[in-house]
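Residue numbers (the numbering used here), protein chains in the order written: chain A, 95 to 681; chain B, 95 to 681.
It should be emphasised that the hints constitute simulated quantities derived from the structure, not laboratory data.
Heads up, the list lumps identical chains together, so a pair's fine if it works in one copy or across two of them.
Computed cross-link-like contacts, DSS-like style, restricted to lysine-lysine with a CA-CA straight-line distance of at most 27 Å: (1) K550 x K627; (2) K301 x K221; (3) K598 x K221; (4) K221 x K633.
Each chain, letter by letter, is given below.
Number of protein chains: 2
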Amino acid sequence: MIRLSELFFTTLREDPAEAEVASHRLLLRAGYIRRAGAGLYSWLPLGLRVRRNIERVVREEMEAAGAQEVLFPGLLPREPYERTGRWTEYGDGIFRLQDRKGADHLLAPTHEEVFTLLVQDLVSSYKALPLTIFQIQDKYRDEARPRAGLLRAREFTMKDAYSFDVDDAGLDASYQRQRDAYERIFQRLGLEYVIVSADAGAMGGSKSEEFLHPTPVGEDTIVRSAGGYAANVEAFETVAPEPLPIEGQPAAVVRDTPDTPTIDTLVADANARFPREDGRAWTAADTLKNVVLRLTHVDGSRELVVIGLPGDREVDQKRVEVAFQPADVTAADEDDFTANPGLVKGYIGPWSPAGAVLGEEAATGIRYLLDKRVVDGSSWITGANEPGKHVFGLVAGRDFAGDGWVEAADVRPGDPAPDGSGPVTLERGMEVGHVFQLGRKYAEALGLKVLDQNGKLVTVTMGSYGIGVTRNLAAIVERSHDEKGIIWPREIAPFDVHVVATGKDARAFEVAETVIAGLEARGLEVLFDDRPKVSPGVKFGDAEIIGVPQIVIVGRDAHEGLVDVWDRATGERQQVALDALEEALGR
Amino acid sequence: MIRLSELFFTTLREDPAEAEVASHRLLLRAGYIRRAGAGLYSWLPLGLRVRRNIERVVREEMEAAGAQEVLFPGLLPREPYERTGRWTEYGDGIFRLQDRKGADHLLAPTHEEVFTLLVQDLVSSYKALPLTIFQIQDKYRDEARPRAGLLRAREFTMKDAYSFDVDDAGLDASYQRQRDAYERIFQRLGLEYVIVSADAGAMGGSKSEEFLHPTPVGEDTIVRSAGGYAANVEAFETVAPEPLPIEGQPAAVVRDTPDTPTIDTLVADANARFPREDGRAWTAADTLKNVVLRLTHVDGSRELVVIGLPGDREVDQKRVEVAFQPADVTAADEDDFTANPGLVKGYIGPWSPAGAVLGEEAATGIRYLLDKRVVDGSSWITGANEPGKHVFGLVAGRDFAGDGWVEAADVRPGDPAPDGSGPVTLERGMEVGHVFQLGRKYAEALGLKVLDQNGKLVTVTMGSYGIGVTRNLAAIVERSHDEKGIIWPREIAPFDVHVVATGKDARAFEVAETVIAGLEARGLEVLFDDRPKVSPGVKFGDAEIIGVPQIVIVGRDAHEGLVDVWDRATGERQQVALDALEEALGR
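Working from the sequences, and respecting the hints, build out all of it.
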């Protein structure tokens with residue numbers, strides 16, 4: 095039993111100015127965490143208890159899945175990350191430092207490299223495989239914008255696990271065991287999740303799924319169909335419409351369209367001056383928008399690319415980042431246009447009456463990539479690569495082609511799921527776990543081979559599995575709170591029962607102690623609000639914000655053997671006799 | 095039960111070349127840790143189990159002592175450390191880094207600053223005090239020479255606790271509670287310790303004691319008397335002899351002593367050419383050695399100092415470092431002598447017939463500090479500040495004086511303890527814990543004040559208490575091993591019992607499983623060597639190196655209900671009947 099009168103703890107009456115989201119606000123207000131720096135948090139006793147409970151759940155499920163716990167340093171030398179290329183690929187996203195001898199080190203954001211090297215050190219035969227090892231450890235990322243408290247911190251705690259197998263079937267099995275363990279973890283944590291296909295490129299692997307918790311404060315997007323499709327927005331694959339017949343389509347016509355540098359102005363001008371023969375209005379979907387992006391590659395070199403997509407779509411930043419990773423992607427700026435006079439801002443097209451400006455890489459050195467909707471036979475209004483001019487009736491596959499396809503356009507509700515399972519819906523989600531088939535990328539880069547059953551050296555295939563401990567804690571608060579405070583699920587609550595003694599009658603406090611002794615005898619952990627001079631209102635308010643799921647109030651009826659049981663989640667409060675207390679608590 | 099056939103683990107037959115000390119060698123060989131970089135270690139499953147056990151012991155004793163657990167980031171912003179001056183004072187000893195915005199951060203070596211700020215945030219009244227909070231957390235130091243495995247690592251785990259009190263009596267009580275807890279921890283860990291007075295200067299406090307574990311691999315020195323005195327060598331205070339009468343002593347005489355730049359050559363020359371009148375031989379103790387040191391202050395400025403001490407003593411590097419902290423102390427080099435021609439190398443004295451070269455700061459700008467043994471009336475042979483010349487019969491207090499005293503000379507067995515408790519002995523020791531009265535230094539620098547009982551703001555007084563988790567683990571191995579491997583104390587052993595099944599008879603393995611089920615029913619944790627094709631010799635060797643204190647061998651007599659119980663520490667092995675096993679194990 096912990097006495098609130100002695101606990102290192104305080105609640106805040108006011109919302110802290112720094113807190114943007116509910117979890118951040120409530121964890122600060124209820125005395126679970128404090129800020130130690132940008133994206134850096136200290137854990138008060140209450141917070142640490144919840145954190146340890148989450149760690150316990152994760153550890154239990156890892157061990158049940160046959161994974162063995164190890165622990166790596168947070169500070170690591172550059173060398174292994176250099177060998178896999180990640181030292182460079184991480185860009186500004188990691189903390190780098192030098193020791194007193196000038197040797198480069200990093201604060202590890204994930205540990206694929208050193209897990210691989212450790213297994214290489216200990217394992218030489220297929221007999222030691224399959225092997226899955228994990229750690230619960232502090233990780234570091236130099237976030238551009240640390241925000242939302244624990245949801246995007248610069249130091250955070252993760253469980254990361256890595257599996258090692260001799261063949262693909264083994265990897266599939268190891269992956270499935272971790273995936274199943276994750277489902278059990280989220281069920282125990284009381285956190286809904288959607289398993290979505292994720293892009294596998296960044297980590298260099300083959301298959302990747304994210305566990306996204308649906309929440310308005312999430313930074314990810316869940317794309318789902320009623321038929322069972324689920325992906326994050328980065329992994330969504332556009333369904334190309336059927337090609338259209340080219341034959342019989344009228345020739346393209348270049349028209350003067352002064353002052354139409356935007357899709358809106360172009361559509362308005364087209365409808366006003368060049369109405370369609372069939373009487374339907376032109377819409378943005380009839381135009382082909384050409385967006386110029388600048389890629390900065392990890393070696394520092396720069397490249398412009400032009401993306402052609404229907405004018406009613408926008409380029410989605412997350413999707414282009416994945417499409418071009420590990421390059422950095424930004425919009426082209428004035429300097430880029432100045433340096434490339436063939437790119438006529440507002441009037442860029444894939445084809446020019448004056449000759450090929452785009453669409454032929456050799457001619458311009460600029461790749462032209464198309465959205466999959468720009469199928470052969472589709473006809474477009476698009477820029478004519480001359481100021482104030484557009485071309486009407488430009489037909490893909492006849493008048494122009496791209497250098498390739500790109501998944502860059504935003505995903506919209508109603509878009510068809512790529513597996514044919516119907517139109518999709520979109521929802522915000524927060525990544526709370528990630529399972530990943532790395533394949534042989536790391537094992538090859540670092541030389542992890544074992545002897546197989548035939549005595550032949552084979553490269554090991556790996557999986558990587560991450561779940562955020564501190565982020566999940568915050569996600570649970572986002573999921574489970576009301577305007578009064580946090581409502582912890584039983585499994586991870588800092589205490590099982592919060593006993594509040596009220597009034598000036600010493601007997602209530604004595605009865606409370608007896609009640610607590612009974613609860614503790616049943617193995618329950620109890621927080622006791624024994625503060626002598628604090629009003630019942632303040633005590634109840636603190637109980638609500640702290641969020642222990644069951645509250646027992648021992649007050650003026652205590653001498654008659656009556657206490658109140660208060661359910662934090664439902665708000666229901668019932669008076670019960672002391673000898674019926676355990677039953678009322680359901681314990 | 096963990097099966098050795100599945101454990102992520104390997105033993106090494108050979109001593110790793112990198113390992114200098116027993117703990118490092120054995121923890122590597124027995125598969126507890128692996129090197130991840132200089133002074134950086136990864137923990138394998140066996141190592142992590144022991145580590146967690148030590149953490150548990152520490153946590154239990156902290157909680158029993160009323161301390162509350164919190165957790166701080168390892169990465170911290172510069173600002174609080176700037177306010178206390180430690181950002182600079184730490185010199186090269188800490189890891190510094192910048193984030194993507196160029197803001198300075200450090201990997202915290204200890205957390206006084208942020209604990210102080212956290213208490214300032216939560217506590218405003220004496221009513222919340224006394225308060226002791228602790229964390230078990232990874233710390234970082236950029237050691238010049240990381241060595242000896244976990245004994246001097248760059249990333250290591252510590253329990254650090256901090257106490258907060260309104261007055262000195264409160265601090266004394268909080269300090270005593272932690273000190274008592276430390277004694278209990280070391281008793282439970284089975285680690286002998288000597289509590290020694292330590293220098294309090296570096297942390298800016300008043301009282302400081304170290305727990306030193308006596309071991310030849312220790313880097314510290316325990317100075318003890320039979321009468322109960324105990325200090326580390328840095329804190330030892332020289333006992334000044336009684337002054338001698340000056341009157342009647344003959345005048346000093348300068349003599350030609352060519353080619354006597356060392357104490358040895360000087361003493362030989364003096365005995366050969368200038369014998370003492372009383373017939374006794376001159377010894378090094380009759381000479382006054384003057385040692386030139388260069389101090390580099392934290393602001394980068396440099397200063398020379400000269401230290402005068404009896405010629406039979408050496409300057410002790412650790413003691414001068416403490417004497418001049420936080421300055422860096424090195425021997426003066428040729429450039430220093432060239433820049434100060436008054437310092438005649440090999441012939442430096444405190445006094446010069448040609449005029450004051452030393453002893454008057456104004457004349458030279460060089461401080462001259464004396465060992466306490468250079469009492470008034472003591473007579474010395476010392477340099478005459480001219481090449482090839484020494485002065486004989488130079489009397490302290492008559493012919494020269496220092497600018498102050500300094501504790502710089504080495505401590506020797508037989509030196510008198512400062513408390514009059516007799517001559518001291520010296521012994522190597524390893525720091526395994528440190529308790530420290532910080533006083534108000536940090537609270538003042540960071541503005542931690544509370545309202546006292548009279549409603550007056552008072553500055554809080556603090557204590558700081560550290561115990562190394564990973565270092566203690568290594569210390570236990572240093573203390574408890576033999577040529578075969580580790581011998582873990584029961585309290586922290588990775589398992590309670592190691593069951594080894596031997597032979598080709600499947601029945602032995604079946605009996606072993608039954609034995610294990612019985613042990614587990616009693617709450618014991620069991621490691622099971624179930625490897626099918628490994629010889630008994632290899633299994634026994636692995637059991638010895640792993641070091642679980644009790645080993646049960648289930649072999650060919652298993653079908654007759656007989657097993658062997660093997661005590662790892664004593665090597666005793668006895669055959670017992672299965673139904674007497676628990677009794678034989680004493681469990």
